[in-house]
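Each chain, letter by letter, is given below.
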Amino acid sequence: MDNAIEARGLVKTYRGDVRALDGVSLAAAPGTVFGLLGPNGAGKSTTVKILTTLSRPNAGEASVAGFDVVRQPAKVRLAIGAVAQKSGLDPQMTGRENLILQGRVYGMRGAALGSRAQELLDRFGLGDAAGRTVRTYSGGMQRKLDVAVGLMHRPQVLFLDEPTTGLDPEARVDMWHEIRRLAGEEGLTILLTTHYLEEADGLAHRLAIVDRGKVVATGTPDELKGELRGDAIAVDLEGEPLDGEVRRAIARVPELYDVAVEARALRARADNGARAVPAVLAALEAEGVKVASVTVSRPSLDDVYLRYAGRAFNEADKEAKT
Amino acid sequence: MTTAVSDTWFMTQRHLRNLFRQPAWILISLVQPVVWLLLYGALFRRIVEIPGFGAGSYIDFLTPGIVVMTCLFGAGWSGMGLIDDLNRGVVDRFLVSPASRGSLIAGRLVQGALVGMIQSAIIVVLGLLVGADYPGGIGGIVALTICAVLLGTGVGALSNGIALLSRREETMIAVSNFVLLPLTFLSSVFMAQTLMPGWMQSVAKYNPVDWAVQAGREGLASGPDWALVFSRMGWLLVFTVVCTWLATRAFRVYQKSI
Numbered sequence: 002m003d004n005a006i007e008a009r010g011l012v013k014t015y016r017g018d019v020r021a022l023d024g025v026s027l028a029a030a031p032g033t034v035f036g037l038l039g040p041n042g043a044g045k046s047t048t049v050k051i052l053t054t055l056s057r058p059n060a061g062e063a064s065v066a067g068f069d070v071v072r073q074p075a076k077v078r079l080a081i082g083a084v085a086q087k088s089g090l091d092p093q094m095t096g097r098e099n100l101i102l103q104g105r106v107y108g109m110r111g112a113a114l115g116s117r118a119q120e121l122l123d124r125f126g127l128g129d130a131a132g133r134t135v136r137t138y139s140g141g142m143q144r145k146l147d148v149a150v151g152l153m154h155r156p157q158v159l160f161l162d163e164p165t166t167g168l169d170p171e172a173r174v175d176m177w178h179e180i181r182r183l184a185g186e187e188g189l190t191i192l193l194t195t196h197y198l199e200e201a202d203g204l205a206h207r208l209a210i211v212d213r214g215k216v217v218a219t220g221t222p223d224e225l226k227g228e229l230r231g232d233a234i235a236v237d238l239e240g241e242p243l244d245g246e247v248r249r250a251i252a253r254v255p256e257l258y259d260v261a262v263e264a265r266a267l268r269a270r271a272d273n274g275a276r277a278v279p280a281v282l283a284a285l286e287a288e289g290v291k292v293a294s295v296t297v298s299r300p301s302l303d304d305v306y307l308r309y310a311g312r313a314f315n316e317a318d319k320e321a322k323t
Numbered sequence: 030m031t032t033a034v035s036d037t038w039f040m041t042q043r044h045l046r047n048l049f050r051q052p053a054w055i056l057i058s059l060v061q062p063v064v065w066l067l068l069y070g071a072l073f074r075r076i077v078e079i080p081g082f083g084a085g086s087y088i089d090f091l092t093p094g095i096v097v098m099t100c101l102f103g104a105g106w107s108g109m110g111l112i113d114d115l116n117r118g119v120v121d122r123f124l125v126s127p128a129s130r131g132s133l134i135a136g137r138l139v140q141g142a143l144v145g146m147i148q149s150a151i152i153v154v155l156g157l158l159v160g161a162d163y164p165g166g167i168g169g170i171v172a173l174t175i176c177a178v179l180l181g182t183g184v185g186a187l188s189n190g191i192a193l194l195s196r197r198e199e200t201m202i203a204v205s206n207f208v209l210l211p212l213t214f215l216s217s218v219f220m221a222q223t224l225m226p227g228w229m230q231s232v233a234k235y236n237p238v239d240w241a242v243q244a245g246r247e248g249l250a251s252g253p254d255w256a257l258v259f260s261r262m263g264w265l266l267v268f269t270v271v272c273t274w275l276a277t278r279a280f281r282v283y284q285k286s287i
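For the protein sequence lines, the chains are A and B, in the order given. Quick note on this note's numbering: the first sequence kicks off at 2 and runs consecutively. Quick note on this note's numbering: the second sequence kicks off at 30 and runs consecutively.
Quick caveat, the hints were computed from the structure, so don't treat them as lab data. Hints are supplied without guarantee of correctness; some may be wrong.
Unchecked claim - Here are the simulated DSSO-like cross-link-like pairs (lysine-lysine), alpha carbons at most 30 Å apart as the crow flies:
hint, chain 1, residue 1, chain 2, residue 2
1, A, K76, B, K285
2, B, K285, A, K319
3, B, K285, A, K87
Claimed, not checked - Residues of chain A clear of chain B, computed beta-carbon distances all greater than 12 Å:
hint, residue
4, D3
5, K87
6, H178
7, G311
Note that CB positions come from ideal geometry on N, CA and C, so glycine has one too.
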C-alpha cells in the first residue's frame, strides 16, 4: 500500500534567505504514528505547514493521502485534520460552537453535525464544558478541544504539531493515551512533531530526527537506538582532576570507546557497561582521581540525537531560543 | 461559489455572536453616537448662524454626518479582530480547511455592514427625537445608509489589509488614530463645505468620507438632487471595490509569508 504521507526533498526559504528546510524527505505508512523530532527551529513546523497546504515549498514534492500538496490542495484539505502549535480556537465561542463551525466549513450539516460534535465532546471528556466559552478552559482542555476540532470531519491523516508543549504532566499523559488510541483503534495516520525525546520514543512507530532543516536520521526508535553500540557510562569527578590523569586512567580500560573528557566528568561507551564500571573505577583510583557518581544507561534518543546532529539536544534547543 | 456564500455567512454569524457577547461593546457602540450627536450638536449649534452656512438647523445638518462618522470609525477598527485571529492561529486553522479564502475577510465586512445598518437606524431615530427633520423621507434615509455602509465596507477592507500586512495591534492603533479623525475633519461632517478653507475644500473633493456625507445629506434634504446622490454613491462603490481588491492582495502577501 502507498504511504499516507510522503515528502521528497522539501526546501523552504523565507525572506532574507532564511533556509527553514533544506531537503526534507520522509514517508509514513497508513495507520502509523510518525514522529518528527527536533529542537526548536529545526524545521518541524515548516514541514507540517507544507504538508497541510498552508505553505508552498520552494522545491521538492509531497503527497498526503495520495494527493499532491501543491497541485491538489483542495483534496488534501478534505483528507487531513491539522492541530497547529497555536491552538486556532476562538476563545469567545463555546467548545460546541467551535466544533460546529469547523464541521460547517467542511460541508457537514443538520443532525449529523450536532451528533458528531457531541460524540467528540463526550469522548474527550468535555461534555460538561461544552456550553462554556473556550476562554474559561484550562490548557489541557483547550488542547483536547484542538484535537477534537481536527477530528471533526473524520480525516484519514492527522497532523499534531507539538500537541503536548506547555501541558502539565497529567494532561500530557492523557494526550499520549488519546494519540495511541487514534492510531490503534481508528486506523488514523498521525504525524506528530515534538521536541520531547521520551514522547517520540513512546509514541512513534517510525521517526525522523530533524536538525537545521535536514533529516539527520530516520528509522524506528529501536533501530535508531540500536545503531549506537553499547551502553553509556557517565562518571562525575570530584574536584578538578588534571586531564592527563583521567586520560592515563582510561588508557588502562580497553573496553571503552567514544570517550569524552570534560572538566569534571567523563563520558564513554562500552559494550557491557556494568562489567566495565569496576575497571573504570579502579583505573581512576590508581591515578588518584576521586569519583562522585557513576551512571550506566541504555542508549536513549538523546544519544542518537547527539550522534547525528553533533550536539546535545538540550544545547540545540537553547541555541534556538537565543 | 455557493460554498463561498455559505462560508461567509458562517463567519459573519461567528463575528456577530462574539460581538453580542460583549455587553461593554454593545453599550459603548450605542452610547457613542448619542454622545457625538448631543455633544457636537450642542457645541456647534450656533454655527448655522454664520452667513453662508446654508442650513437652518444644525441637528438636521449633523445627523447624517454622525451616521457616516459612526460607520467610518467602526470600520477603521475592523482589523483589530483579524489581528487577534492571526495571532491565535484561527486564520491558519481555516486556511488548512476547505473554507473559502474570501470568506475570512468577507465575513468581517458583512458583519461590519450589518452592524453599520443597525447603528445608522438608531442614529436616525435618535436624531428625530432631538428634533432633526428629514424632508427627503425614507428614500433619503436608505440612500444615507447605503453610502455609510459602502464607505464602511471600503474602509473595513483597508483596515483588514493593514492588519494582514502589519499583524501588530500597535501599528493598527497608530494608523487608525492617524487617519480617522483627520478624514472626518477634512469632510463636511461638522462644517459646511463652503465655509472650509480653500485647500480643505480641494482635499475633501477626493475624500470618500465627504462623498458619503454629501450624498446622505442631499438625500435627506427636501427635493434631493438625485444625480448628485447617485454619482457619489457610484464613486463610493468604486472605492469599496478597489479597497476590497487591495485587501485580497494583502491576503496573498500573508499567505506567501507563512
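Here's how the hints hold up against the structure:
no., hint, in the structure
1, K76(A) / K285(B), "20 Å, holds"
2, K285(B) / K319(A), "29 Å, holds"
3, K285(B) / K87(A), "19 Å, holds"
4, D3, "22 Å, holds"
5, K87, "3 Å, violated"
6, H178, "24 Å, holds"
7, G311, "30 Å, holds"
Going through the hint list in order, the structure does not satisfy hint 5, though it satisfies all others.
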